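Asker: Could you build the full structure based on these sequences and the hints that come with them?
Here's the letter readout for the chains.
There are 2 protein chains.
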Amino acid sequence: MRIGVDVGGTTVKIGIVDNYKILDCYSIKTNKDSLFDDIYKSIKEYISKNNINVSGIGFGLPGSVNNNYIKALPNVGLYDIDLKEIHNKYFKDINLYSTNDANCAALGEHLNNPKYHSSYLLTLGTGLGGGYIYNDKLVIGANCCTGEVGHMFIGSEFNFKCTCGLTNCLETIASATGVTRLYKLFSNSKEDITAKEVFDLAKSNDDIALHVIDTVSKALAHALANIQVTCDVDVFYLAGGVSLAGDILLNKVRKYYKEYAHYGVKDTPIEISTLKEKAGMLGSAYLW
Amino acid sequence: MRIGVDVGGTTVKIGIVDNYKILDCYSIKTNKDSLFDDIYKSIKEYISKNNINVSGIGFGLPGSVNNNYIKALPNVGLYDIDLKEIHNKYFKDINLYSTNDANCAALGEHLNNPKYHSSYLLTLGTGLGGGYIYNDKLVIGANCCTGEVGHMFIGSEFNFKCTCGLTNCLETIASATGVTRLYKLFSNSKEDITAKEVFDLAKSNDDIALHVIDTVSKALAHALANIQVTCDVDVFYLAGGVSLAGDILLNKVRKYYKEYAHYGVKDTPIEISTLKEKAGMLGSAYLW
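Chains as they are written, first to last, in my numbering: chain A, 9 to 296; chain B, 9 to 296.
Please note that a few of the clues may not be correct.
If chains are identical, the list can't say which one is meant, so a pair holds when it fits in one copy or spans any two.
As the list claims (entries may be wrong) - Straight-line C-alpha distance at most 25 Å; calculated DSS-like pairs for lysine-lysine:
no.	residue 1	residue 2
1	K52	K40
2	K79	K274
3	K266	K79
4	K145	K284
In case anyone wonders, no lab produced these hints; they're calculated from the structure. Bear in mind that the values here come from a model prediction, so they are computed numbers and not experimental data.
Answerer: Structure representation (structure tokens):
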């Protein structure tokens, strides 16, 4: 059996996986002060209680990690953690693997749809991440930056500044943050609103909310068209909070993609993740 | 030994390759009416004259090809050619491989620099093509469109219409055609000028020509930054006529790339192809 751990800002989801299926899963709270000890203690307990044989533990982490050394988990507030050292305290004889959470979600969703051999998944959450699968394997990249498509330049009239320091990144528009930012801009309002509230307004035909969805869909379609002339995958997946908008977003993204994509790649399917929040657990359990 | 054939609009270059080196090469004229018979007859003659053993013949073609069936070579004016059928007339027992010329140039340049294991090459010619190498192998893509980065959307103020039907494609700016188009626009002139003449003007500090190079460099830098968040390669190569501008272009592309690239990939090396017009022969000889 394999264990896949999906670390989030508020909860950690832990899955027990075999034969590309999540057999069991549970979650614990993300407690900054004892995060990885909490995770390892709970896994140790689970293993001894259920008497299972584990071939490895994989982590999907919301931040930058390289060779099991965590540089930063900004949403959790943790920096410079030697995950391998903690792992060895608990499981010296079980292998450890880790990468960022968007990569794990991409791999999980990919493994769940075995008819495709290459895919690109975009996670549209507070930020915007992604993961690229080629020949059924995750592409990590020379700098562990494959999938950082949230920082693709798509040239818009907004010139929104991104948290990364650049301007006009895809993430400034096509994330939950982007959705609320656009709604405030278009409605000339300073009141707080969530992305979900914007989608609900759109579903009741609110003009401003529909304009937001249109703008987000155009940005996403341009980004997918750019990804596709760069690596030409079998299928695209959209995941994360913004993807929960469902058909009202998906239909527009598909429509604009057909308009913007190079003629050779116009027919690439664009789907919403079916595994949703479980993709990360499955993917992290197949990093090896 | 391997034979690599690089088909161009005016000449066909034929290389005899072994151990990742071009041992000998020659060229013949591109004659539309007898193109592939000319090529095969010359190869047959070369082989019997030099008494060599050939394991395969690879073609780099300036157009779209899939499974050795050529759909279109627009610059030559040839369409719908079953290359396999012609090949079998001459060499039933030697394997045949083919892909587009930019893919071959990418593979050739990559093999010539064995310290890198992934790379992206852009050929800046009349049009703009590209090729992506991952794990030392050419990525072809689901629709044979990997590397069609000439049709990446980079959102500019120009709104140039591309030959592909889209607007604001990278190729409308960062190709030889783009260079002359920009020079005419900036100088408000209708006189013909070649890309080489624009570069020569820039080298003698002509303001308009320098502005063209600046514009082309910004577009290229944005495209490279986008490619890099999508697949994060070890190195970029620039090839083709526009790359012959040399340092005056390269230094600006490098400078703007550092400005536009995501912080995790700012240090990716950008180089001008060293194999130049020989890359295609080497690459086509290693399609298998």
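Asker: List in ascending order the numbers of the hints, as given earlier, that are violated by the structure.
Answerer: Structure breaks no hint.
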